[in-house]
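Colleague: Below are the chains, spelled out letter by letter.
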Amino acid sequence: MVDVLLHVEHLSKDFTAANGLFASRLGTKVSAVKDVSFDIERGQTLGLVGESGSGKSTIGRCVIRLLNPSAGTVELNGVNVALLKGRELKDFRKQAQIVFQDPQASLNPRRTIGELVREPLVIHRIGSKAEQIERVQELLAIVGLNPEHINRYPHEFSGGQRQRIGIARALALRPQLIICDEPVSALDVSIQAQVLNLLKSLQDDLGLTYLFIAHDLGVVQHISDQVAVMYLGSLVELGQVGSLYGRPHHPYTQSLLSAIPIPDPKEQRSRSRIILPGDPPSPLDPPSGCRFRTRCPIAEDICAKEVPQLVFVAPQHFCACHFAAPNPIPLA
Amino acid sequence: MAEMMNKSNHLLELDDFRFFFSTKDGLVKAVDGVSYTLDAGETIGIVGESGSGKSVCAMSIMGLNPTPPGQVGGGDIRLNGQSLLSMSEKELRQIRGNRIAMIFQDPLSSLNPVYRVGKQVGEGLMIHQGASKKEALRRAVELLDMVGIPNPAKRARDYPHQFSGGMRQRAMIAMALACDPEVLIADEPTTALDVTIQAQILELMQKMQQERGTAIIMITHDLGVVADMADRILVMYAGKPVEYGTADQVFYRPLHPYTWGLMRSIPKRTLDDDQPLTPIKGNPPSLIDLPKGCAFSERCPYLRPQCRHGRLRMQQVDEGHYSACLQSFESSFLLNSPRHDSEAAGADALGAVANGGAAQGFAQRGGTDG
Numbered sequence: 097m098v099d100v101l102l103h104v105e106h107l108s109k110d111f112t113a114a115n116g117l118f119a120s121r122l123g124t125k126v127s128a129v130k131d132v133s134f135d136i137e138r139g140q141t142l143g144l145v146g147e148s149g150s151g152k153s154t155i156g157r158c159v160i161r162l163l164n165p166s167a168g169t170v171e172l173n174g175v176n177v178a179l180l181k182g183r184e185l186k187d188f189r190k191q192a193q194i195v196f197q198d199p200q201a202s203l204n205p206r207r208t209i210g211e212l213v214r215e216p217l218v219i220h221r222i223g224s225k226a227e228q229i230e231r232v233q234e235l236l237a238i239v240g241l242n243p244e245h246i247n248r249y250p251h252e253f254s255g256g257q258r259q260r261i262g263i264a265r266a267l268a269l270r271p272q273l274i275i276c277d278e279p280v281s282a283l284d285v286s287i288q289a290q291v292l293n294l295l296k297s298l299q300d301d302l303g304l305t306y307l308f309i310a311h312d313l314g315v316v317q318h319i320s321d322q323v324a325v326m327y328l329g330s331l332v333e334l335g336q337v338g339s340l341y342g343r344p345h346h347p348y349t350q351s352l353l354s355a356i357p358i359p360d361p362k363e364q365r366s367r368s369r370i371i372l373p374g375d376p377p378s379p380l381d382p383p384s385g386c387r388f389r390t391r392c393p394i395a396e397d398i399c400a401k402e403v404p405q406l407v408f409v410a411p412q413h414f415c416a417c418h419f420a421a422p423n424p425i426p427l428a
Numbered sequence: 101m102a103e104m105m106n107k108s109n110h111l112l113e114l115d116d117f118r119f120f121f122s123t124k125d126g127l128v129k130a131v132d133g134v135s136y137t138l139d140a141g142e143t144i145g146i147v148g149e150s151g152s153g154k155s156v157c158a159m160s161i162m163g164l165n166p167t168p169p170g171q172v173g174g175g176d177i178r179l180n181g182q183s184l185l186s187m188s189e190k191e192l193r194q195i196r197g198n199r200i201a202m203i204f205q206d207p208l209s210s211l212n213p214v215y216r217v218g219k220q221v222g223e224g225l226m227i228h229q230g231a232s233k234k235e236a237l238r239r240a241v242e243l244l245d246m247v248g249i250p251n252p253a254k255r256a257r258d259y260p261h262q263f264s265g266g267m268r269q270r271a272m273i274a275m276a277l278a279c280d281p282e283v284l285i286a287d288e289p290t291t292a293l294d295v296t297i298q299a300q301i302l303e304l305m306q307k308m309q310q311e312r313g314t315a316i317i318m319i320t321h322d323l324g325v326v327a328d329m330a331d332r333i334l335v336m337y338a339g340k341p342v343e344y345g346t347a348d349q350v351f352y353r354p355l356h357p358y359t360w361g362l363m364r365s366i367p368k369r370t371l372d373d374d375q376p377l378t379p380i381k382g383n384p385p386s387l388i389d390l391p392k393g394c395a396f397s398e399r400c401p402y403l404r405p406q407c408r409h410g411r412l413r414m415q416q417v418d419e420g421h422y423s424a425c426l427q428s429f430e431s432s433f434l435l436n437s438p439r440h441d442s443e444a445a446g447a448d449a450l451g452a453v454a455n456g457g458a459a460q461g462f463a464q465r466g467g468t469d470g
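Protein sequence lines, in the order shown, are assigned to chains A and B. Just so you know, we're using our numbering here: the first sequence kicks off at 97 and counts up by one. Just so you know, we're using our numbering here: the second sequence kicks off at 101 and counts up by one.
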């Protein structure tokens, strides 16, 4: 039996393009996320990839109710998160936490790291002060920081260490689900590997489930079980990591994979790349039908008329393209 | 590297160059003894993490580091044998933007928001080549067209904020190429861009280089980008060069434990990769308080007592391949290189997949995909 922890169905999020005095009345809507569905099993990692403006962070924020979804459901353990209020919402916060990209911006510089990591325990009134401090020391040790540094301030730590503090704070309430929103993008390569290893070992030890948002496909491949590819607010492909990276069925996924420079000069010289023309269109005025069609090398008339649905293409592998096939763009 | 430096018929030559900053906490040796040469049509990739001195080194070539607090600590930078360091500001101004041009990481902060793009692209032509306003604008439109901006005559009248990130970087490239420079310095030119736009920009730079024979200095932290672009690679750590060689030498026979650490820190692109990464332990040292001897010693897994003594210099290990590691001469030591990790894992399945033919092979093997 599949143990689904997070179930997202037909999730949409619109923003009002508030530009000028009467914008809200004129009601220019930007649909940042459109009709996205996926599941994450307990103890697994779903990697969410896409370029800037593809809506991946918006999904993360809707899942954790930092934003209210415009439509659709988000269920954690079968409970619809979108409908929670008051006490129930507060309880939900214990189950799902988030780690942000920029540890510098997400840690209050005037608080010691002990206060920062303890704050969730104080808010949720868990344990006495002595117990809380003991837990903070335990958490610091878990993420590989020296518990004796509990009274230091964030600026006394390096970028990688600050990210560890952010992770310790996210772990304080023993959550089941952690949203990792570009947790290693701001870090140098050698430090990035340390944090990725930490996230992986925490998952093994504590049975955590991750929604891992990133634009680096190499990192996502390394950490994920399943991968979802976003383009301009739509989910274009979803599959097990091996299947999706091995046999991408959506032309966008295929181009994305072929566009990453491989750290191997001979390999890089010999392979043929697919270079997509132009820029992603503005989400204010998305193309009709398939949102990728304006840059797609294999688009035809039907792509402008009909929105492709996410359909089964291989076991546990789904793709939203009228011409879904393994490596659909022919190479010269 | 003295023997290499005797010939001075190179286009650009850094000779044991040093650049220091005085701070209230002490002297920061931001660049400490960097040497390399660059010829027309060549690309050198400068790799390193934040604080490794790669940007300061490039800014020095342009004479753009503020002095004080900065000061040249020694060595020389020569363009066609002529020392850039001994030139007056006036002489430098004739070189900057004319014979040596630069593109930066963030095109939004390097374009002036209140001037139209066309005017900014053509500005160099008016300054360096005495072009009239009208002529400069006409050439600017041509340049914008050349870098792939659609409808260039109209877009030249736009302001930078009306351009997307990728288009701004194209405009920066157009501006840098306006005076047909001999050397183009690109400081993390694609780091702020999305993957598909990065691919467009890298391809554009390669095309421009082929057409014009421009020499490129490519500064990046992304080993994939250098593998794509560079003929030769310089790896920097804590302001010092640690390894220098051709791209193939550095990627296939890396000599320095720091280079190894970088390579092991990036996730392998194999489909059954479930191994933990091997990060470099610890953090980069403070440039004010460097360890004695080798700057990497505190993080190096192969530390020996002699690493803590004296100043380590780059030494030639193979033809044109230099390393600052004392142990690079020992063949038994080089067995620790990541190239000797399981060769099978290096099959780089992702690359194979991107090539259609190989993908078929994978499909046949990969019956157990789902």
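Calculated directly from the structure, the hints in this document are not laboratory data. Please note: incorrect hints may appear among the correct ones.
According to the in silico footprint, chain A covers these stretches of chain B (three or more CB under 8 Å from chain A) [claimed, not checked]:
| no. | region |
| --- | --- |
| 1 | 286-298 |
| 2 | 313-325 |
| 3 | 344-351 |
| 4 | 416-427 |
Here a beta-carbon is modelled for each residue, glycine too, at the ideal position from N, C-alpha and C.
Colleague: Each hint needs a verdict: does it hold in this structure or not?
Modeller: Cross-check of the supplied hints:
1. 286-298: holds (count 5)
2. 313-325: Result for this restraint: holds, n = 5.
3. 344-351: As far as the region 344-351 of chain B goes, the hint holds, because 3 residues have Cβ atoms under 8 Å from chain A.
4. 416-427: As far as the region 416-427 of chain B goes, the hint is violated, because 0 residues have Cβ atoms under 8 Å from chain A.
Checked against the numbered hints given earlier, the structure breaks only hint 4 and satisfies all the rest.
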